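Novice: Each chain, letter by letter, is given below.
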Amino acid sequence: MSANHGHAFPHPPTRSRARVLANLPEGHGRRLRLAVPDWPGSQPGQFLMLGAGAEGGAVRRDPLLPRPMAVYRELGGRGDAADCAAGERVIEVLFRVVGRGTALLADLREAERVPLVGPLGRGFAQVEADPSTPDPNATPGPASGPAILVGGGTGIASLYEWARVLAARGRAVAVLLGARSAGDLLGWLDFEALGVGLIGTTEDGSAGVKGLVTGPLADRLRESVGATVYAVGPTPMMRACAEIAAAHGARCYVSLENPMACGFGVCLGCAAPRRAGGFALVCRTGPVFPAQEIDWAGLP
Amino acid sequence: MSANHGHAFPHPPTRSRARVLANLPEGHGRRLRLAVPDWPGSQPGQFLMLGAGAEGGAVRRDPLLPRPMAVYRELGGRGDAADCAAGERVIEVLFRVVGRGTALLADLREAERVPLVGPLGRGFAQVEADPSTPDPNATPGPASGPAILVGGGTGIASLYEWARVLAARGRAVAVLLGARSAGDLLGWLDFEALGVGLIGTTEDGSAGVKGLVTGPLADRLRESVGATVYAVGPTPMMRACAEIAAAHGARCYVSLENPMACGFGVCLGCAAPRRAGGFALVCRTGPVFPAQEIDWAGLP
Amino acid sequence: MGGAAVSGKTAVSGADVDERVVLAGIPLRNAVLTASGTFGYGTEFAPFLDLTRLGGFVAKSLTLEPRHGNPPPRIAETPAGMLNAISIENVGVTAFLEEKLPALPEGVVVIASAFGTEPGLYAELVARVTAHPRVAGIEINASCPHVKSGGIEFGQDPRLLAELVATVRRATSRPLLVKLSPNVTRIADMAKVCEAEGADGITLINAIQAMEVDVERRRPVLSNILGGLSGPAIRPIALRMVWQAAQAVRIPICGVGGITNAEDAVKFLLCGATAVQVGTQNYLDPTAAVGIAQGIADYARRHGFTRVADLTGALLSPKGQ
Amino acid sequence: MGGAAVSGKTAVSGADVDERVVLAGIPLRNAVLTASGTFGYGTEFAPFLDLTRLGGFVAKSLTLEPRHGNPPPRIAETPAGMLNAISIENVGVTAFLEEKLPALPEGVVVIASAFGTEPGLYAELVARVTAHPRVAGIEINASCPHVKSGGIEFGQDPRLLAELVATVRRATSRPLLVKLSPNVTRIADMAKVCEAEGADGITLINAIQAMEVDVERRRPVLSNILGGLSGPAIRPIALRMVWQAAQAVRIPICGVGGITNAEDAVKFLLCGATAVQVGTQNYLDPTAAVGIAQGIADYARRHGFTRVADLTGALLSPKGQ
Ligand SMILES: Cc1cc2nc3c(=O)[nH]c(=O)nc-3n(C[C@H](O)[C@H](O)[C@H](O)COP(=O)(O)OP(=O)(O)OC[C@H]3O[C@@H](n4cnc5c(N)ncnc54)[C@H](O)[C@@H]3O)c2cc1C
Ligand SMILES: Cc1cc2nc3c(=O)[nH]c(=O)nc-3n(C[C@H](O)[C@H](O)[C@H](O)COP(=O)(O)OP(=O)(O)OC[C@H]3O[C@@H](n4cnc5c(N)ncnc54)[C@H](O)[C@@H]3O)c2cc1C
Ligand SMILES: Cc1cc2nc3c(=O)[nH]c(=O)nc-3n(C[C@H](O)[C@H](O)[C@H](O)COP(=O)(O)O)c2cc1C
Ligand SMILES: Cc1cc2nc3c(=O)[nH]c(=O)nc-3n(C[C@H](O)[C@H](O)[C@H](O)COP(=O)(O)O)c2cc1C
Ligand code: FES
Ligand code: FES
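Chains as they are written, first to last, in this note's numbering: chain C, 1 to 300; chain R, 301 to 600; chain B, 601 to 921; chain Z, 922 to 1242.
Calculated directly from the structure, the hints in this document are not laboratory data. Just so you know, these numbers come straight off a predicted model, no measurement behind them. Just to be clear, a hint being listed does not mean it is correct.
[Stated by the list, open to error] Facing chain R, a subset of chain C residues (Cβ under 7 Å, in silico):
(1) G56
(2) G57
(3) A103
(4) E110
(5) A111
(6) R113
A virtual CB, placed ideally from N, CA and C, is assigned to each residue, including glycine.
Excised from the complex, chain C in its bound form (with noise of 0.2 Å):
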């Protein structure tokens, strides 16, 4: 059931009509560099969500909903590729092509516009302080210990401002990506230039460690004391990474990404059901979770 979380809309979302900047290749996937009309500025974790394709000559009624992806990164007033009107702010948003929405996404030409609602969703540091579930085993509020953070395959889309923010805050901050090969380790270069510690792992070792990303989890965790996983991927990644968090002692939170109708809290269709019973709406008291909250074996 969608709690009303007082906070759920640290600023509140827009609809706009975002214009394409550049769609670039990013090894096995793309950036696309968006100028936001009114972008109000989102916190890291948050996500939004674009419909699927351009606004062509004509409005297309197929494929019809919109596609929930992480807010990459904030550029502010300005993109590298072009300038920006008043107003607009330019944000990134990293993705593979995995269906007809994420094709139609990687046709977006220069200067073409897409229908964008956001920013959505509660971000890592809103729910750390206000967990829709409090962690009896933790003290509620920000942590402070080191942070480790652990981005699988598109998630690692969603792991970048926090990364920065973390790290400008001081925070120990180590960042493990894993992904299948090379070609999927999306943003390498923009967290290497964030000067934050950084491992990546590939499943058929064409970079970094070969294997999954799991494994320099363990080690950190066996290395650090109080330190906090923030893990975002695929569900079984996810799933692996909270126990072996909880086997550590470790403080876990989780970005989900079920499918989507709205991003708002209204359709009730990204339920995720709660280890406690019941279901928690991705869309507004997630994405993000603390790990135990969730009822792993009940995701699809």
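Starting from the structure of chain C, add chains R, B and Z with the ligands where the hints point.
Specialist: Only chains R, B and Z with the ligands this time, still in chain C's reference frame:
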């Protein structure tokens, strides 16, 4: 009911994925140049079915149906804008944006693909040689007197090849093109280059004679003996042309533009009421018809 | 095929056209409401639009007790549409009256939607809602297509429907709309039942029962197997049912199903609807309803109507064009 | 939402997968037929494909006498779909048997479709068609949604339907499919009637009754006002009905409605269809059916099925993923 004409397909139609060579503004309309694999060549007055928009990164099921368009010009094995692969032939289509399908066609970009089925229907020569209902007032078979081609709006696009062929055959050809204003006289320069007698009319007087194209038609018919009128344009215009032709004892052919789903005689959606009762399929028995066959009042 | 776009042709505002309509006794500032289950409890849309600019909204269907819905997946995308199998997840009538309604700004027209597994439960809920001054009217959801022991039976069986409407009617004197199931052989028969049992109006249609399959997993996409189809795909079916019902009854009809823009909305009005509800389109564009109301007024002006209310049933016959 | 694309992943041909299915006693070389009213009399497609590569085709519905259809407009485009109100325009059974059938190449599986306003007229037509050796089977169209005195009553009323099927059954010993109307409350009940009265199989669904309006003219787009909705928009509804009917009867089901590619077709097979029919998609791509058959074989191979026939009903439950 679909008459089963042995000559329905002078060249059997093919289904292919046409390649966009150019999509150029043409007055208030567009000129689309396509490289069509396996295009067998068409007869003047035939048409094709074009998918409503490019084959993009993903199938989009809305708008659903292909759009009928006259084959404006055959450019043979080579276009102005790009070279052609083996087996491809270049054709042009002229159109105006009137709804979603044509808006998406206007969005087509160079190198994009668009599904195409054609050539379809029976052209002028074929209907003249084998009208579905023999004209009791005229000897069947190709006409020999002066040819007066009357085009209104986008109907102009159906006449260029016919004008070219007739002129090449040595027939006396007059082309009368009418439109709302100068920018709607699509293909004007191409017609000029044919060296046929050419008169333009515009409703706003921005080019040629101010007024409707039916004025010059009546003038011509008064001066000609044994003329045949070929009129393509909005229904009221064709109906008026047919009446003027009949008043002068001239034969008249028209080309109807009923909405179509298939274009090759199976959906039965394009039926036009016959004066003799029953219906004719515009896509199969037409689109060219002897004007006196049509029950004008029964057209939508 | 289809007409030209409706909106954007006139720069003039709708001030000269009277946009007001009266739906089942509820005065609305314009003919555009938002549909139950697609507009939450209203407050979710406050960041996007001024709620008082809506004709009104129908809140998520309520049950007497708070209710959890189906396990995920609950939604699936289909050609020009979507499936849902939420199963009337809601906060319950108490939280609705005590928390949700008071959170709404003054001047917002709220229609409560009632759901239950027995007529008596509907009636109890309706009685509670009736007492609240902020509730402008009540819509009973006789049509939820995916709760096994719920709405589908009421809306599909004329006798059950008659019993339901009669029971609820006794429980309230407030404007009462019955939202019908589209999964029936003859919608006109169901509309007549509602009229005979004293409903003030009819809302149609709810989502159409449908199914989607994930071929890679070889499983139904929805945990519930079946779900309700909504969105543009169903618009021609909804339009047909509104037209058929409008031929059969005199009580007002609220048209719902696949409305994405003013042109779509006008079609429902012309076919006999007094007002419309925007559903799935709210997910794509949370500001949609306000623009649609404006576009209807523009259409009315361009076609020489001084009152939007006069568009209701103003369809001409197909002959004599 | 939706699975990945089915076709194009394997370069290997379908030779190792047995593509044959038996539909209502008719052996087919593959599971893909084309639907009545969308494939003419077959010859229209000869320029585009080798007709013998189809599982088969269902010819345009026939009446005893040649029949003119409705005045234009007869079609309209709708979101991801189209409306038609053709009204069973056809050459009549005599011309079909004497001109259309002989024009087809050897080896094409032809299913004749019968239509009539009374059971006796259906039976008379079916008896005539039965005698022709080129007719592999008969589909009776109990479902045409736009002829006032025609199909809609048979397919919508269980008693009328029983009488129709029983009467036609007595007139032929050839494979008999009944094509049902989707405009009913419970499709499973109608399927059971067909099974009880001796039909060899069921085809579903026909187009869904619907309507479109031209707001600029303020008129229905179709001269007939109502028409049948077909195309991708209706696929989730068709799939649901096939699944419901498959739960209710043991006779084979031929699935139709919105199929555009192999993935769509596989969904119908998994839900319990023995074969499928491609309809509206033929207008967009007259070669579609052959590619779909190939794509089904590819799917079967990738999923470890050696026979396409084994896909029928191979849907797993939504739980235990
Ligand atoms: C809060 C949130 C943030 C996200 N951020 C990103 C991001 O930054 N970058 C990115 O690439 N993707 C992100 N996703 C996932 C992205 O939304 C999906 O990949 C996308 O919606 C798929 O759309 P499609 O039309 O291409 O695929 P579809 O045709 O809809 O589906 C294709 C395949 O993808 C699967 N799929 C569909 N939706 C999802 C989903 N929500 N999550 C996972 N798999 C899905 C389907 O089951 C199917 O197998 C995010 C999702 C959520 C909910
Ligand atoms: C044989 C034939 C040849 C044609 N040749 C050409 C051509 O060479 N150039 C060209 O520009 N157009 C041509 N047309 C007309 C063209 O097909 C339509 O303009 C087009 O299909 C409209 O599609 P749309 O999606 O843009 O408009 P829609 O949204 O489908 O319709 C927009 C408006 O156009 C009207 N309309 C729809 N279909 C037609 C139609 N077939 N004829 C007239 N009005 C229609 C509608 O009633 C509506 O008012 C031809 C039509 C036929 C049948
Ligand atoms: C996710 C979702 C949830 C819905 N929940 C309800 C509901 O609780 N009560 C109800 O009467 N209708 C509900 N509906 C149906 C809508 O109110 C509406 O009747 C239907 O979606 C058709 O309109 P549309 O095509 O504009 O969406 C729901 C629809 C959707 C998509
Ligand atoms: C233009 C048109 C004409 C049709 N004519 C018939 C018909 O004569 N007999 C019949 O049984 N079905 C007829 N149908 C229905 C189709 O066979 C099919 O059941 C329906 O279109 C759904 O399938 P689809 O979505 O793949 O088109 C017709 C459909 C269309 C679009
Ligand atoms: S996507 Fe979460 S409620 Fe709609
Ligand atoms: S368009 Fe003429 S029969 Fe289909």
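Novice: Taking the least C-beta to C-beta distance, is A103/C closer than 7 Å to chain R?
Specialist: Hint on A103/C: holds, closest Cβ of chain R at ~3 Å, below 7 Å.
Novice: Interface hint check: E110/C, Cβ to nearest Cβ on chain R, cutoff 7 Å. Holds or violated?
Specialist: Nearest chain R Cβ about 12 Å off; hint violated.
Novice: Can G56/C be said to touch chain R, with a Cβ gap under 7 Å?
Specialist: holds (5 Å)
Novice: Would the stated hint for A111/C survive a check requiring a Cβ distance to chain R of less than 7 Å?
Specialist: This hint is violated: A111/C lies away from chain R, its Cβ roughly 13 Å from the closest one there, beyond 7 Å.
Novice: Holds or violated: the hint that R113/C contacts chain R, with Cβ atoms closer than 7 Å.
Specialist: violated (13 Å)
Novice: Checking hints one by one. Is G57/C an interface residue toward chain R, by the C-beta closer than 7 Å rule?
Specialist: Hint on G57/C: holds, closest Cβ of chain R at ~3 Å, below 7 Å.
Checked against the numbered hints above, the structure breaks hints 4, 5, 6 and satisfies the rest.
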